[in-house]
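> Letter by letter, the chains look like this.
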Amino acid sequence: MINSFQELSILLPEIFLLGMACLILVLDLFLSQRLRAVTFWLTQLSLLVTLFLSLKLLPDATAFAFGESFIHDPMSVLLKAAIYIIIAAVFFYSRAYLHERNMHKGEYYVLGLFAVLGMMIMVSAYSLLVLYLGLELLSLSLYAMVAFNRDSAQASEAAMKYFVLGALASGMLLYGISMIYGVTGELGIPAVSAAVAETGRDNIVLVFGLCFVMVGLAFKLGAVPFHMWVPDVYQGAPTAVTLFIGTAPKIAGFAMMMRVLVDSLGALQADWQAMLVVLVILSLAIGNIIAIAQTNLKRMLAYSTIAHVGFILMGILTGSATGYSAAMFYSIVYALMTLGGFGMIILLSRNGFEADRLDDFKGLNERSPWFAFMMLIFMFSMAGVPPLVGFHAKLAVLSAVVETGMVWLAVVAVLFSVIGAFYYLRIIKLMYFDPAEQREQINKSFDFKLVLSANGLAVLGFGLYPGLLMAWCIAALV
Amino acid sequence: MSFELFVFYLFAAIMLFAAFRVITVRNPVHAALFLVLAFASSSALWLLLEAEFLAITLILVYVGAVLVLFLFVVMMLDINLTPLREGFIRYLPVAVLIAIVMVAQMVMVLGPQRFGLDQMPAPPRQPATYSNTEELGLLLYTEYLYPFEIAALILLVAIIAAIALTMRKRPETKYQNPGEQVTVKKQERLRIVKMDSE
Numbered sequence: 000m001i002n003s004f005q006e007l008s009i010l011l012p013e014i015f016l017l018g019m020a021c022l023i024l025v026l027d028l029f030l031s032q033r034l035r036a037v038t039f040w041l042t043q044l045s046l047l048v049t050l051f052l053s054l055k056l057l058p059d060a061t062a063f064a065f066g067e068s069f070i071h072d073p074m075s076v077l078l079k080a081a082i083y084i085i086i087a088a089v090f091f092y093s094r095a096y097l098h099e100r101n102m103h104k105g106e107y108y109v110l111g112l113f114a115v116l117g118m119m120i121m122v123s124a125y126s127l128l129v130l131y132l133g134l135e136l137l138s139l140s141l142y143a144m145v146a147f148n149r150d151s152a153q154a155s156e157a158a159m160k161y162f163v164l165g166a167l168a169s170g171m172l173l174y175g176i177s178m179i180y181g182v183t184g185e186l187g188i189p190a191v192s193a194a195v196a197e198t199g200r201d202n203i204v205l206v207f208g209l210c211f212v213m214v215g216l217a218f219k220l221g222a223v224p225f226h227m228w229v230p231d232v233y234q235g236a237p238t239a240v241t242l243f244i245g246t247a248p249k250i251a252g253f254a255m256m257m258r259v260l261v262d263s264l265g266a267l268q269a270d271w272q273a274m275l276v277v278l279v280i281l282s283l284a285i286g287n288i289i290a291i292a293q294t295n296l297k298r299m300l301a302y303s304t305i306a307h308v309g310f311i312l313m314g315i316l317t318g319s320a321t322g323y324s325a326a327m328f329y330s331i332v333y334a335l336m337t338l339g340g341f342g343m344i345i346l347l348s349r350n351g352f353e354a355d356r357l358d359d360f361k362g363l364n365e366r367s368p369w370f371a372f373m374m375l376i377f378m379f380s381m382a383g384v385p386p387l388v389g390f391h392a393k394l395a396v397l398s399a400v401v402e403t404g405m406v407w408l409a410v411v412a413v414l415f416s417v418i419g420a421f422y423y424l425r426i427i428k429l430m431y432f433d434p435a436e437q438r439e440q441i442n443k444s445f446d447f448k449l450v451l452s453a454n455g456l457a458v459l460g461f462g463l464y465p466g467l468l469m470a471w472c473i474a475a476l477v
Numbered sequence: 000m001s002f003e004l005f006v007f008y009l010f011a012a013i014m015l016f017a018a019f020r021v022i023t024v025r026n027p028v029h030a031a032l033f034l035v036l037a038f039a040s041s042s043a044l045w046l047l048l049e050a051e052f053l054a055i056t057l058i059l060v061y062v063g064a065v066l067v068l069f070l071f072v073v074m075m076l077d078i079n080l081t082p083l084r085e086g087f088i089r090y091l092p093v094a095v096l097i098a099i100v101m102v103a104q105m106v107m108v109l110g111p112q113r114f115g116l117d118q119m120p121a122p123p124r125q126p127a128t129y130s131n132t133e134e135l136g137l138l139l140y141t142e143y144l145y146p147f148e149i150a151a152l153i154l155l156v157a158i159i160a161a162i163a164l165t166m167r168k169r170p171e172t173k174y175q176n177p178g179e180q181v182t183v184k185k186q187e188r189l190r191i192v193k194m195d196s197e
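Residue numbers (numbering that gives the first Met the number 0), protein chains in the order written: chain A, 0 to 477; chain B, 0 to 197.
Chain B extracted, bound-state conformation:
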């Protein structure tokens, strides 16, 4: 076994374990942390595929931004997950049966006889000076410009939806109005009272 293959199996095993723990662990914070582990190990797999830019983006965007936000949400919302787990044991036999059948079918269809290395040979190695970031950028802004623009639109809709669904005026909230605060005059706040000395 070459070193590369060893690294692949190591990270693949870690990723599978972490992904499995995400759905089985009881504490939602731990689940989110296992998801971080799963993302980190899959980015290692992408590095093995020489997709350096995507691997780093995965860490930056998913681990750095999305999951941190996720953790905040999980910690802030105190969700009781026990009712969600009711019936788990009852449905388990059926679920396991269906899962086994599906996995068996998928292995038969997508197994090594169709997606093996003899069918899909590994691409040739690129020299160290090869920049896949540049290649990605070239494709993204030429051939895939239209999908890229639509993706931007989808993000815009997501922003509008999030704001429309969460922002509302609450009459009970007390605001400070900085504009009025800075224009306040001495006369409005300060009353000078003349008093005789005693």
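One chain only, chain A, in its complex shape:
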């Protein structure tokens, strides 16, 4: 219930972004193709203002709205800020890609903004119902974006797979939530948490609900054995959309995990910890080993995502505050690195040519030493080579795991990471030691190159000074 205007004011970023999305939706209809840049810059402006509203205008203290179904806390602020920045960069990369292929339409940005809104709702959800609805808003926008290029049979197939499997996963999640509701009679996260703590672990129906919730969550994040859709969708979707799916939604997915597992079902920790251990080991194994066999870079990055999701889940399963902040750090860093990886594919692509085979990166050093260096940063960072930020992310998660006493799990994770390092290093070898197959000049606009370089330098910078982001992540979970 709305008690006062004050309470509603903490939703200001959401309300503003919704207003802007609707405005852009209508305005775009009246713009000619030549003026499509107006849509783009308006989209960026609304993300910027939303960032400002989230960071500056809202109180520092935790606040609730709509009868505790919306929460504003340090975690939601940090994750939302990360989402806005990542998505702003995604839009920069996508514009170049869509423009070259005559797919530059306003709907991409409008659907993108609605997806951001869905992520914001998920991050701030303090009721299982709201969480589910936010997830649906995000997923529905993403399905439409994957199918965006109607003339491509591959994209339609990817969209169909994503839609059918995604709907199945939503059904699983909803069924699990209904079981939890059946036992506790509550949907609000604090109320569920209190009721679960009271009934305790003995109630098998709760664990039954947890199983289904876990399947739904793992599906959405793409953890093994619920990962089947990830490679096909990543490869089939237009690269601009893969970029979108692969980055910020994982941050929202992390928030969803935190809200469901830690905040509402914290009393069942022993149960979900065991489930997560299985998911983590399988994700690390499948993600790292199958990626070696890929010749398509988008597919390879899809498997690499699966492996990274394994690491994020590993941080959560520790059940300690250090582990949660490590997982949060990892998810933000992951989004930043993946952004760069797909940005590089778009950089080398042009109309009628997708630079998504590994061979397309051969001899990149001869063509552009600077961007070869950027790719080197992204790949080294994903492999976890110091001093890049990916190393600190892995280190933080592993030390949290060791702290909880699961040394064997950390050893397994390190072993699979070493295997995984092979396919990242292979790209570096192709770039620096193989003769170039493609000789075309890289013809991207200045702002594209600027954003991509900033992205690479951010990976390097956060790697040299990891303390800053880490301090934010720790502060966000107090």
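Don't take each hint at face value.
[Unchecked claim] Counterexamples of contact, computed for chain B against chain A with all Cβ distances above 12 Å: (1) Thr128; (2) Leu155; (3) Lys185.
[What the hints assert, rightly or not] Chain B is faced by these chain A residues, among others (derived, beta-carbon under 8 Å): (4) Leu24; (5) Phe65; (6) Phe69; (7) Glu106; (8) Ile120; (9) Val129; (10) Ser140; (11) Arg149; (12) Gly351; (13) Leu476.
[What the hints assert, rightly or not] Partial selection, computed: residues in chain A whose CB lies under 8 Å from chain B: (14) Ser68; (15) Leu128; (16) Ala143.
Please keep in mind that the hints were generated in silico from the structure rather than gathered at the bench. A quick note: this is a predicted structure, and the numbers were derived from the prediction, not measured. In this text, a Cβ means the ideal position worked out from N, Cα and C, and glycines have one as well.
Model the placement of chain B on the given structure of chain A, informed by the hints.
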């Protein structure tokens, strides 16, 4: 057996039968019609639960709108379903095995010892003047306002997605422009030719 219980079992049996036929019947039009039957009988079950408004909404929205649309789509798209059914027999043993295990597990977990009437007693009957529509509206616009608004957003996104995915300009299609049609003048269409009478 009371009359109420008899009605419940009757409609539950019809619903299960219809739901089973939806996935087994060969003709997709028949499948859609069986789905109508399943919805109609579940709305009867909801009526037994005194959820009159929801029962009527189910008929109006799902049977009246969604499934009619569904039927149109099924009839317009002439989909050959035989390739989809290939391998049905081959996978059947595994599928049946997994289904049996899952059903057995679910019965054990969700059986009457946890969700029986002694665990979850039936709520007291409301008097005939009780309006659950009003109660529903009160909850929907106060406590559940935020989810309600998000649901509205989801519908908006669905509309945008559907239009973005289906609407396109086809150069080969011939349009009529009513605006130009009504402003047409006599001189543009009619040519008066003077001819000598013969």
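> Decide, hint by hint, whether the structure agrees.
Here is how each hint holds up against the structure:
Taking the minimum C-beta to C-beta distance to chain A, about 26 Å, the non-interface status of Thr128 of chain B holds against the 12 Å cut. Residue placement check: Leu155 of chain B does not keep its beta carbon more than 12 Å from all beta carbons of chain A (closest about 8 Å). Interface exclusion of Lys185 of chain B from chain A stands, the closest Cβ pair being 35 Å apart, more than 12 Å. The interface hint given for Leu24 of chain A is met, as the beta carbon of that residue sits about 7 Å from the closest beta carbon of chain B, less than 8 Å.
Because the smallest distance between the Cβ of Phe65 of chain A and any Cβ of chain B comes to about 4 Å, under 8 Å, the interface hint for this residue holds. With its C-beta approaching chain B no nearer than about 6 Å, Phe69 of chain A sits inside the 8 Å limit, and its interface hint holds. Annotation: Glu106 of chain A was flagged as interfacial toward chain B, and the flag holds, the nearest CB pair being 4 Å apart, inside 8 Å. For the restraint placing Ile120 of chain A at the interface with chain B, the shortest Cβ-Cβ distance is roughly 6 Å, inside the 8 Å limit, so the hint holds.
Taking 8 Å as the C-beta contact cut-off toward chain B, the hint placing Val129 of chain A at the interface holds, the least distance being around 6 Å. At a threshold of 8 Å, the smallest CB-CB gap from Ser140 of chain A to chain B is about 6 Å, leaving the interface hint in force. With a least beta-carbon distance of about 7 Å to chain B, the hint placing Arg149 of chain A at the interface is held under the 8 Å criterion. Interface hint at Gly351 of chain A: violated, since its Cβ lies 21 Å from the closest Cβ of chain B, which is beyond the 8 Å cut-off.
Contact between Leu476 of chain A and chain B, as hinted, is not supported at the beta carbon level, the nearest pair being about 24 Å apart and thus beyond 8 Å. At a threshold of 8 Å, the smallest CB-CB gap from Ser68 of chain A to chain B is about 5 Å, leaving the interface hint in force. Checking Leu128 of chain A against chain B by beta carbon gives a least distance of about 5 Å; that is within 8 Å, so the hint holds. Taken as an interface hint, Ala143 of chain A checks out: its beta carbon lies about 3 Å from the nearest beta carbon of chain B, inside 8 Å.
The earlier numbered hints that this structure contradicts are 2, 12 and 13.
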